[in-house]
Amino acid sequence: MDVRAQVSMVFHLDKCIGCHTCSIACKNVWTDRKGAEYMWWNNVETKPGTGYPTAWEDQEKYKGGWEKTGDKLEVRAVGKVRGAMTVFHNPNLPTIDDYYEPFTYSYQDLFDAAEGADQPIAKPISMITGKPMKIEAGPNWDDDLGGSPVYAANDPNLENISPEERDAVFELKNLVFFYLPRICNHCVNPACVAACPSGALYKRGEDGIVLLSQERCRAWRFCVTACPYKKTYFNWGTGKSEKCILCYPRLETGQAPACFHSCVGRIRYFGVVLYDAEKLESTLAAEEKDLVMAQRKMLLDPNDPAVIAAAKSNGIGEDVLAFAQRSPVYKWVVEWGLALPLHAEHRTLPMLFYVPPLLPVMAATGEKGYDTTIEGGFLGTIDKFRLPLRYMASLFGAGNEGVVRYALRKQLAVRTYRRAVTVGDVTMEEAKKLLAEAGCSVEQAEAIYYLTSIAPVDDRFVIPPMHREEAIEMLDSPLAAKGFAGMGFRRKPERGA
Amino acid sequence: MLNVLVFAALPYVSAVLFLLVSIQRYRRDPFTFSSLSSQFLETKGLFWGSVPFHLGILTLFFGHLLGFLFPRQMTLWNLVPVRLFILEASGLAAAFLTLFGLGGLIVRRVSTPRLRTVTTPADILVYLLLLFQIVTGLWVAIALRWGSAWYTQTVVPYLWSLFKFQPEIQRVTELKLAAQLHIGGAFVLFAAFSFTRLVHALVAPVPYLWRPNQLVIWNRLRGGARF
Ligand code: HEM
Ligand code: SF4
Ligand code: SF4
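If you're matching them up, the sequences are chains Z and B in order.
With this note's numbering applied, the first sequence covers 1 to 497.
With this note's numbering applied, the second sequence covers 1001 to 1227.
In short, the hints are calculated from the structure, not lab data.
A virtual CB, placed ideally from N, CA and C, is assigned to each residue, including glycine.
Among the hints, a few may not be true.
To be verified - Partner residues are not named here, just some residues of chain Z that face chain B (Cβ under 7 Å, in silico):
no., residue
1, M127
2, I128
3, A194
4, S198
Sequences are here, hints too, so could you generate the full structure?
Below is the structure:
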């Protein structure tokens, strides 16, 4: 057993209100710079919808992720040999127009305009050329238009659903959508790392955070193509790629990443999990529909004495183990089976998990409005889901509807149970029957309820100590580094000649 | 006097600049080592410029290098007319490919407004130097036919004499003007090399081909220190 620790995340989609506070927090801290204006390390998109960059899930176009041929895994489109052939021009690289051309407005015109009959206006100005431009896209261009056929119809996940289901999704008076906040998944098998020819991208051994060394990046830009989530970005100003750093300077001082910290809906959970690196190969060899379960099995029980012993002999400290035992992520993902990885089929083993939203289920109505009888499914039934299960499975199940159905049923049962407790229009007997059918004990239901609705910040963000202070002393003499900012860079990161 | 400057002094100046500046820049300022790709801002034109340019220039570079390292073998190869012809034709084709590509790159850069923001004076210098080099090279190839035959007899011994610190400049001062310009231009190009984006060629990612896929970096010695 080769036990590794990995910081890991859960987003509870039912709780996301699509406010973009997370995106703004990230933008203000990290990407409010020349060349990075268009980057949103954290973005929130409306589903169904095409997202950011436009139709990023369309791997026919972007060719991201891993490709499995027989037993062999290779980075699609930019592996070693294919990469060498496309280094001078990469046919699958997204360009600025796949995101959007960053813009500001000529605000000064509002003050300087000569007196006249018309109101002065501020024209949109390109932040690349500095010239006036026509705005044709933005970072959340199809925000809240998710259900509308204009944008949502191009969602690649809708490909597999039937024509009737499609019509139902786009039924105008019943438009349905939910929000999908996305950051880098800090994958266990990151395609971006494997694709980087300079070795600029790496995974931190102690916590699994995936970083991109600005000093080693040479702008071969394979990582941008390789990441199936399009979460590495090319800074056109400095000529270096960049990505989400999971706010590691915050984590190392015990604070949650900025997007977590600022999340208005409190949808985010942070914790450390343990996995067995020796099981990596067998996990990755799984059939597509088994991937979600295989990844779940790769995570180790932090209370198992054998795991604890193996972790300790691998250099994982007792305090980290104590945090792993309290990890909310382990509960959501493994104990409860409620949180699922996004697009697991790309085999990067993403370490950000999503609790699929129930909201659209409830929106399913009969002729006379909501069917609130237990027989009618009380809050609606999973199979009369407003968004077809197949659509959700395309996002969160790598095509496997079973894992999504399990997660939705259990959530539905927990809600019904809590309704029996607080409202009482469902009998406890009926509620417990639903719970039993969903494979959920009363204690578990209470725990799920607690973490969903009540948990204060310390229960949502269980940040393990990272001991950076001790690690740095092994690499650098703290005395020699006295007086430096501690950020590594001593000159302005400007474009080279 | 000019001959001594260009063919005996400049080579050493350029070699020293090339070595010292690129090493020092790599150590002090690794952030500036980048291909400075502009594909993100413009992709179609880049294909027609970058691909032919790089294929051409790399072929030419290795062709020159082969003649420099194995002059005897190249001479022997060239003894059979058909083989000489094949070598010359490939060289000429590579040169035209490079010129076509470089032309494409320049046109693209001038005609795309977005690229202006990311164009530095050093980039313009690079275009000018490369253009000069390719044009004089083509001039040599066409006007002073069978260059691959006389290159090994004149320029290669001269280059070796530079390495022995006994420059035999008469070996090149007797050549035609086109050849002299091409050689002098090469020294200028090498002198400017490490000040420009061209340093990306020095960090071409060859070791990637045998590196394992995943890269994990540990802050602490694994299994060693424990907290
Ligand atoms: C050794 C292998 C080389 C590799 C892998 C390589 C790769 C690259 C890459 C990725 C770019 C960026 C293209 C883009 O904008 O996306 C580039 C640009 C460029 N390379 Fe190379 N290169 C190599 C050798 C050379 C050599 C030997 C030269 C000339 C002496 C050269 C001259 C240039 C120039 C002038 C550009 C700028 C193109 C432009 O933006 O107009 N390269 N190269
Ligand atoms: S989400 Fe993309 S950028 Fe992040 S680790 Fe995975 S492959 Fe790399
Ligand atoms: S801050 Fe939280 S609730 Fe708001 S959009 Fe981001 S993830 Fe959703």
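Next item on the list: Against the earlier hints, flag every one the structure doesn't satisfy and list their numbers going up.
Entry: 1
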